[in-house]
Amino acid sequence: MTRDQLSQAKDRDLPASLIAMRRAAQMARELAVRTNTGIVVQRDQKLFRIDAEKLRKAGVK
27 MTRDQLSQAK DRDLPASLIA MRRAAQMARE LAVRTNTGIV VQRDQKLFRI DAEKLRKAGV
87 K
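Per the numbering used here, the sequence shown starts with residue 27, numbered consecutively.
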């Protein structure tokens, strides 16, 4: 869904879901740095593994 579609959604929880998903993604990055593990993300229908060192270099604490 686009941001416009989310903002016009009839379900009041739907617009907040995007914020919650971004917050969860940030928490996953922080956990990966703390535990020295990586994460897997999907972009353009491709999977990418990002290790903890790359996350640290990107400024994740």
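Hint data in this document are derived by calculation from the structure and do not stem from the laboratory.
We treat Cβ as the ideally placed atom computed from N, Cα and C, and that holds for glycine.
Be careful, since some hints might not be right.
[Said to hold, decoys possible] Pair ranges (Cβ atoms, derived):
#1 71 with 45: 22 to 28 Å
#2 52 with 29: 16 to 22 Å
#3 87 with 67: 27 to 33 Å
#4 42 with 79: 29 to 35 Å
#5 38 with 61: 34 to 40 Å
#6 61 with 31: 32 to 38 Å
#7 84 with 43: 23 to 29 Å
#8 79 with 34: 37 to 43 Å
#9 71 with 29: 17 to 23 Å
#10 47 with 82: 31 to 37 Å
Quick rundown of the hints versus the structure:
Distance hint check for residue 71 and residue 45: the Cβ-Cβ separation is about 24 Å, which falls inside the suggested range of 22 to 28 Å. With their beta carbons about 18 Å apart, residue 52 and residue 29 fall inside the hinted range of 16 to 22 Å. At about 18 Å, the beta-carbon gap between residue 87 and residue 67 misses the expected band of 27 to 33 Å. Against the hinted window of 29 to 35 Å, the Cβ-Cβ separation of residue 42 and residue 79 comes to about 33 Å, which satisfies the hint.
Our hint of 34 to 40 Å for residue 38 and residue 61 holds, since their Cβ atoms are close to 35 Å apart. About 36 Å separates the C-beta atoms of residue 61 and residue 31, a value consistent with the hinted range of 32 to 38 Å. Between residue 84 and residue 43 the beta carbon distance is about 25 Å. The supplied range of 23 to 29 Å therefore holds. At about 41 Å, the CB distance of residue 79 to residue 34 agrees with the hint of 37 to 43 Å.
For the pair residue 71 and residue 29, the beta carbons lie near 21 Å from each other, so the given range of 17 to 23 Å is met. Judged by the Cβ atoms, the range 31 to 37 Å given for residue 47 and residue 82 is violated: they are separated by roughly 23 Å.
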